[in-house]
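**Student:** Going down the list, the sequences are from chains L and S. Sequential numbering of the first sequence, starting at 29, is according to my numbering. Sequential numbering of the second sequence, starting at 29, is according to my numbering.
A few of these clues could be false.
No copy is singled out in the list; a pair is fine if it fits within one copy or between any two copies.
To be verified - Calculated pairs, DSSO-like style, for lysine-lysine (alpha carbon to alpha carbon, straight line, at most 30 Å): (1) Lys185 with Lys121; (2) Lys185 with Lys335; (3) Lys117 with Lys335; (4) Lys274 with Lys335; (5) Lys283 with Lys335; (6) Lys116 with Lys313.
Everything labelled a hint here was simulated from the structure, so no lab data went into it.
Spelled out, the chains give:
2 protein chains.
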Amino acid sequence: SDPPAARASCDCPYDSDPERHPGLIFHNNKPCNAELPSELMMDSWLTPNPVWFIRHHHPVPVMDPEDYRLCIEGVGTKAVTLCLEDLKKRFLKREVCATLQCGGNRRSELDQIEKTSGIPWGFGAMSTARWGGVYLREVLQHCAGLSHENVEAFDVKHVIFKGMDGMEASIPIEKALSPYGDVLLAYEMNGEALPSEHGAPVRVIVPGVVGVRNVKWVGRVVASTEEAEGPWQRGLAYKGFSPMVKELQGIDVEKIPSMHELPVQSAIVSPKAGSIIELDDVEVKGFAWSGGGRGIVRVDVSIDEGKTWVTAELTNGKDQDYNRAWAWTFWEASVPVPEELQGKEFTVLCRAVDAAYSTQPERPEPLWNLRGLNCNCWHRVPIRHQE
Amino acid sequence: SDPPAARASCDCPYDSDPERHPGLIFHNNKPCNAELPSELMMDSWLTPNPVWFIRHHHPVPVMDPEDYRLCIEGVGTKAVTLCLEDLKKRFLKREVCATLQCGGNRRSELDQIEKTSGIPWGFGAMSTARWGGVYLREVLQHCAGLSHENVEAFDVKHVIFKGMDGMEASIPIEKALSPYGDVLLAYEMNGEALPSEHGAPVRVIVPGVVGVRNVKWVGRVVASTEEAEGPWQRGLAYKGFSPMVKELQGIDVEKIPSMHELPVQSAIVSPKAGSIIELDDVEVKGFAWSGGGRGIVRVDVSIDEGKTWVTAELTNGKDQDYNRAWAWTFWEASVPVPEELQGKEFTVLCRAVDAAYSTQPERPEPLWNLRGLNCNCWHRVPIRHQE
Ligand SMILES: [Mo]
Ligand SMILES: [Mo]
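Model the full structure from these sequences, guided by the hints.
**Tutor:** Spelled out as structure tokens, the structure:
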């Protein structure tokens with residue numbers, strides 16, 4: 029796709045990127061990749077827009093919202109072009125609280141076993157917002173004529189999103205059309221106009237699904253019999269391999285299904301690694317989340333390598349709808365330090381159980397994979413007790 | 029509910045239970061609880077009706093299909109009563125291949141750590157059939173008037189199923205009404221009339237969800253603002269606890285969400301434990317399955333405690349629809365025996381990854397729970413190589 033006009037005369041395509049909050053943890057700047065620091069992660073259940081994690085593949089496209097056009101097309105549709113006002117005026121505004129997580133979140137823990145490829149994220153490639161916009165399914169069905177009959181007649185299997193930055197990704201038609209899928213064409217983030225950093229004027233929100241499918245600056249929505257092309261969908265960027273795969277030679281990457289829903293995740297936000305605890309109880313807090321809208325049913329915390337557990341109290345987010353728990357759940361636990369650990373170093377660890385009773389794997393080794401994706405083993409924080 | 033008339037004059041309510049295949053592994057007879065033996069498990073992808081696992085709570089109700097009536101009622105509906113012919117003639121026949129698994133499957137492995145309560149199942153409390161019947165959602169929407177508008181207006185949250193044997197269970201309204209949920213009122217099993225053993229004339233099939241919600245001999249379907257009552261829904265029978273819970277005193281069982289979708293599962297069907305292998309490779313085969321229609325994306329096999337893995341070839345079931353992979357996937361792997369294991373005893377183990385990249389936990393200890401539910405740790409089979 030052509031670079032936006034605003035940038036045509038500029039030698040450096042990143043010069044027009046937005047100003048960024050200095051408290052973010054920057055991994056790259058061109059393109060920008062930055063994570064939410066743990067100190068700010070649980071200040072509010074909805075992450076403030078300026079400290080949201082950033083995961084870009086290209087410069088931020090700059091565009092006047094007045095000039096924005098969204099083309100909806102592809103098999104089984106009658107092609108339509110909508111401007112931002114069309115979306116706002118012709119469809120009901122819908123709001124969905126959803127957490128987005130990069131598929132590479134916590135990759136740095138896998139890198140400690142053996143280097144993977146990709147950004148060495150901590151656990152902050154993850155944030156939550158209340159998104160405002162329109163249901164993609166209402167636009168597809170009521171405006172672009174993509175009825176269930178057409179889906180069947182034309183064998184529509186995927187909906188492809190093309191970003192104005194050059195990104196391209198797709199989701200299965202079932203997720204796009206399900207009355208319980210809650211996929212949005214979003215133009216608001218936490219009650220404000222969507223910032224250009226996060227996809228203005230319009231981005232896709234695919235709740236419960238890996239970040240990369242939530243295409244920002246979306247310009248084109250295409251119903252298709254095939255998945256999107258390119259590295260993020262059919263290529264290796266979001267494919268999960270066995271720990272035995274150390275190079276791609278001989279692997280038919282296109283035969284491996286692309287990642288969509290993510291597995292259950294949790295992390296300890298406080299205490300931080302290396303903390304010194306002086307009280308008789310360790311006050312632990314963190315978040316938990318799972319893909320596919322699966323709510324969190326339990327979080328357990330241990331300071332003795334999982335021999336005994338304290339079940340955490342679930343707080344913000346615990347009462348989300350069944351299989352539509354798109355946002356994280358916060359939790360806290362108070363873990364008594366037994367006599368034998370007083371004055372010693374030990375590790376605090378947590379694990380969550382989701383509504384399908386999926387659990388987190390115990391160790392990172394068996395889930396190590398070449399691309400460093402889906403690191404969701406028990407989260408471990410070494411601390412020291414001081415009498 | 030009253031006992032069926034056919035049994036009113038009989039002192040022993042189990043006398044009219046059907047004849048059963050002697051090859052089943054019987055745990056109880058009154059009521060009958062029997063599992064599919066591993067020798068028969070992979071003879072065909074669809075389990076033959078006579079060897080299907082049986083999990084009853086009561087005597088098998090005996091009834092003339094002519095006398096069968098299904099009452100559909102509850103908030104947001106206009107009550108209707110349908111006979112079997114109504115179901116067959118007034119609705120399109122739908123077919124769904126689905127695996128059912130008891131929530132207690134593999135409980136015996138947890139009992140080895142510490143006794144749980146319930147039937148000590150091996151891995152055979154699980155079978156697969158092609159079910160024929162009608163979509164529950166089409167009956168609810170097109171015949172009983174349960175529109176999406178009524179669901180919202182009357183705050184319908186659950187659909188309760190009442191079996192003529194006295195069982196009662198419910199599922200969330202989203203699963204019942206989703207165009208991708210595939211919930212059936214089934215009257216056929218593998219192309220034959222549903223056997224009385226498995227719920228004739230009509231049972232519920234809730235694909236991707238724990239066996240107990242698939243109510244047999246269903247007589248009543250009730251739209252409700254509340255879950256079903258009784259031990260199987262609100263009570264402790266299908267609630268997952270932390271390993272620390274050793275007794276129910278002090279636990280508010282109703283506050284724990286009831287089980288629906290099951291986590292990813294797999295097991296080694298061949299070789300059997302104690303086998304002696306004489307070749308240079310161990311030929312391993314088994315099945316994998318996950319709840320919620322999540323397909324199997326990979327199965328790994330190891331003979332060195334997970335230090336190295338051989339990725340299995342997926343065979344029957346590998347090409348099911350996205351998030352509607354309701355039936356199990358068979359797999360096989362050929363694992364070379366390295367020199368250091370030749371002539372030795374070792375353990376073959378397997379683990380599966382589902383479409384949400386959920387994995388199986390490594391050990392049973394961290395998932396031990398009082399009711400012995402959801403045992404899905406890596407499946408382990410000790411064998412011996414003989415030179
Ligand atoms: Mo990502
Ligand atoms: Mo069960």
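**Student:** Could you run down the list of hints and mark each one as holding or not?
**Tutor:** Here is what the structure says about each hint:
1. Lys185 with Lys121: Both: 26 Å inside a copy, 24 Å across copies.
2. Lys185 with Lys335: neither (46 Å within a copy, 38 Å between copies)
3. Lys117 with Lys335: neither (57 Å within a copy, 58 Å between copies)
4. Lys274 with Lys335: Close across copies (14 Å), not inside one copy (34 Å); limit 30 Å.
5. Lys283 with Lys335: Answer is between: at 25 Å across copies they meet the 30 Å cutoff, but 40 Å inside does not.
6. Lys116 with Lys313: neither (39 Å within a copy, 55 Å between copies)
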